[in-house]
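> The listed protein sequences derive, respectively, from chains X and L.
Take the first sequence: its position 214, counting from 1, is numbered 214 in the numbering used here, and each next residue is one higher.
Converting from the second sequence to the numbering used here requires adding 256 to each position, the first position being numbered 1.
Because the hints were derived from the structure by calculation, they are not lab data.
Where a beta carbon is used, it is the ideal one built from N, C-alpha and C, also for glycine.
Heads up, some of the hints might be wrong.
[Said to hold, decoys possible] For lysine-lysine, the following DSS-like pairs were computed, each having C-alpha atoms within a straight-line distance of at most 30 Å:
#1 X:Lys132 to X:Lys117
#2 L:Lys393 to X:Lys115
#3 X:Lys122 to L:Lys336
#4 X:Lys206 to X:Lys235
#5 X:Lys80 to X:Lys117
#6 L:Lys406 to L:Lys263
#7 L:Lys263 to X:Lys132
#8 L:Lys336 to X:Lys132
[Claimed, not checked] Which residues of chain X face chain L? A partial, calculated answer using Cβ under 10 Å:
#9 Asn22
#10 Asp26
#11 Leu28
#12 Asp68
#13 Arg109
#14 Lys122
#15 Leu123
#16 Asp125
#17 Glu127
#18 Gln128
#19 Ser133
#20 Arg251
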Amino acid sequence: MQKVEPTMGEHDQYQVNLPVFNGPLDLLLHLIERAEIDIYNIPIVEVTDQFLAYLQTMEFLDLHMAADFLLMAATLMQIKARMLLPRPVVETEVEADEEDDPRFELVERLLEYKKVKEVANKLQDREQEFSKSFPRVGGAFPDLEVAAAAEPVNRVTLWDLVQAFSALLESLIPRVELDGMPEEQYSIQDKMDEIIDGLAQAPKVKFSTLFAGLSSRKAVVTSFLALLELIRMHKVVVEQDRTFGEIVIARWEGKT
Amino acid sequence: MNWSQAKAVLEALVFASSEPVSVKELGMIVELNEETVGRLLDELVHEYNDRGRGIQITEVAGGYQFVTKPEHAEYLEKLKKVPRQAPLSQAALETLAIIAYRQPITRAEIETIRGVRVDSSISTLLERGLIEEIGRKEGPGRPILYGSTKGFLKYFGLKDLDELPIVDDWILNQQLPIDLTAD
Numbered sequence: 001m002q003k004v005e006p007t008m009g010e011h012d013q014y015q016v017n018l019p020v021f022n023g024p025l026d027l028l029l030h031l032i033e034r035a036e037i038d039i040y041n042i043p044i045v046e047v048t049d050q051f052l053a054y055l056q057t058m059e060f061l062d063l064h065m066a067a068d069f070l071l072m073a074a075t076l077m078q079i080k081a082r083m084l085l086p087r088p089v090v091e092t093e094v095e096a097d098e099e100d101d102p103r104f105e106l107v108e109r110l111l112e113y114k115k116v117k118e119v120a121n122k123l124q125d126r127e128q129e130f131s132k133s134f135p136r137v138g139g140a141f142p143d144l145e146v147a148a149a150a151e152p153v154n155r156v157t158l159w160d161l162v163q164a165f166s167a168l169l170e171s172l173i174p175r176v177e178l179d180g181m182p183e184e185q186y187s188i189q190d191k192m193d194e195i196i197d198g199l200a201q202a203p204k205v206k207f208s209t210l211f212a213g214l215s216s217r218k219a220v221v222t223s224f225l226a227l228l229e230l231i232r233m234h235k236v237v238v239e240q241d242r243t244f245g246e247i248v249i250a251r252w253e254g255k256t
Numbered sequence: 257m258n259w260s261q262a263k264a265v266l267e268a269l270v271f272a273s274s275e276p277v278s279v280k281e282l283g284m285i286v287e288l289n290e291e292t293v294g295r296l297l298d299e300l301v302h303e304y305n306d307r308g309r310g311i312q313i314t315e316v317a318g319g320y321q322f323v324t325k326p327e328h329a330e331y332l333e334k335l336k337k338v339p340r341q342a343p344l345s346q347a348a349l350e351t352l353a354i355i356a357y358r359q360p361i362t363r364a365e366i367e368t369i370r371g372v373r374v375d376s377s378i379s380t381l382l383e384r385g386l387i388e389e390i391g392r393k394e395g396p397g398r399p400i401l402y403g404s405t406k407g408f409l410k411y412f413g414l415k416d417l418d419e420l421p422i423v424d425d426w427i428l429n430q431q432l433p434i435d436l437t438a439d
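Let the hints inform the model, and build the full structure from the sequences given.
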């Protein structure tokens with residue numbers, strides 16, 4: 001499993017690969033569930049707009065934008081276009097309705113994917129349950145280093161984080177970034193230390209507090225990447241007590 | 257060999273094996289029929305369950321093996337010599353779910369269902385011995401077909417694939433509602 005790896009690219013820009021993103025279907029399902037929309041009757045215009053808004057945020061973060069997401073964006077726009085076009089008159093009134101809906105295939109895929117997610121959750125429950133029973137070991141066992149990809153995120157999805165981050169960026173827009181000011185230097189490592197120090201004093205830190213007082217986009221982005229990195233390293237967990245609630249960062253109390 | 261001797265031998269055999277041992281194999285060793293072995297094992301299972309012991313015998317991946325009781329997990333985790341595997345990521349679990357329920361299946365088919373590339377989860381699952389290549393699909397490029405392994409059953413504590421959890425109508429080897437060859 002790949003890990004989230006901030007690497008220094010050209011022009012000292014950070015590039016982050018996030019394979020923990022579970023893909024465009026995951027995002028779409030998240031948008032639909034969050035808005036409590038009937039999956040059979042997706043308001044395609046709204047959903048497409050929201051989907052594109054997420055992509056923009058991801059792009060801004062310079063996340064490795066998988067072609068999968070772009071393909072889904074194109075598919076959504078195609079469906080949108082087809083829904084706006086006048087439909088050919090159906091000669092026979094036989095069913096046709098369902099098959100003619102340009103959303104049909106997408107809905108089928110979403111339903112199928114939703115079930116995959118449910119099954120995966122059930123497997124995860126079993127995994128958790130059975131990992132409590134230790135077999136005797138003799139001989140070789142699989143490389144233990146391999147599978148360090150568990151996300152220490154309690155009920156907070158990456159989408160929640162990106163959304164919170166996106167809101168944060170928007171709130172920054174009115175602030176003017178002056179040219180000619182001495183540029184502050186931010187490194188992800190500094191920010192990570194700062195977060196950890198903060199957590200040594202208080203057990204929990206609010207997501208908004210973490211970013212309070214940062215005035216430039218660069219600082220905000222660096223802080224966000226530092227947070228993602230800490231999550232990956234199992235140094236912190238993020239929690240949210242209810243949907244749309246404040247995201248809270250806490251020390252990772254699990255085993256290391 | 258009387259009843260209690262046979263039971264003691266079976267206990268020893270299951271203990272000595274680090275892999276689950278099948279009733280068939282045990283029966284051949286102790287020269288008893290499978291039904292008798294099954295009854296002896298049942299008794300053993302109950303004895304361990306009832307007597308406040310730290311270990312129990314479970315039926316997993318088509319055989320029997322000793323495992324520690326789940327209620328003592330927090331102590332075992334402190335024992336450094338016990339190998340601990342990180343839990344699977346959500347992405348890997350989704351890929352694994354698709355493979356387990358839809359095997360044999362090609363990577364492209366998995367990608368159609370998940371809507372993302374699955375190279376990295378497939379290599380994780382291969383390395384952890386939860387899936388394996390089980391053949392090639394006839395057709396252009398003869399793509400590799402993947403299936404779940406015995407290690408998969410062991411990892412999730414399943415007796416066999418029929419014991420996989422069922423969600424709605426998502427059952428084993430069901431036909432896909434969409435045409436995967438369309439793309």
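> For every hint, state whether the structure bears it out.
Status of each hint after checking the structure:
{"no.": "1", "hint": "X:Lys132 to X:Lys117", "in the structure": "holds, 23 Å"}
{"no.": "2", "hint": "L:Lys393 to X:Lys115", "in the structure": "holds, 25 Å"}
{"no.": "3", "hint": "X:Lys122 to L:Lys336", "in the structure": "holds, 29 Å"}
{"no.": "4", "hint": "X:Lys206 to X:Lys235", "in the structure": "holds, 16 Å"}
{"no.": "5", "hint": "X:Lys80 to X:Lys117", "in the structure": "holds, 26 Å"}
{"no.": "6", "hint": "L:Lys406 to L:Lys263", "in the structure": "holds, 26 Å"}
{"no.": "7", "hint": "L:Lys263 to X:Lys132", "in the structure": "holds, 27 Å"}
{"no.": "8", "hint": "L:Lys336 to X:Lys132", "in the structure": "holds, 15 Å"}
{"no.": "9", "hint": "Asn22", "in the structure": "holds, 6 Å"}
{"no.": "10", "hint": "Asp26", "in the structure": "holds, 8 Å"}
{"no.": "11", "hint": "Leu28", "in the structure": "holds, 8 Å"}
{"no.": "12", "hint": "Asp68", "in the structure": "holds, 5 Å"}
{"no.": "13", "hint": "Arg109", "in the structure": "holds, 6 Å"}
{"no.": "14", "hint": "Lys122", "in the structure": "holds, 4 Å"}
{"no.": "15", "hint": "Leu123", "in the structure": "holds, 5 Å"}
{"no.": "16", "hint": "Asp125", "in the structure": "holds, 8 Å"}
{"no.": "17", "hint": "Glu127", "in the structure": "holds, 6 Å"}
{"no.": "18", "hint": "Gln128", "in the structure": "holds, 7 Å"}
{"no.": "19", "hint": "Ser133", "in the structure": "holds, 4 Å"}
{"no.": "20", "hint": "Arg251", "in the structure": "violated, 18 Å"}
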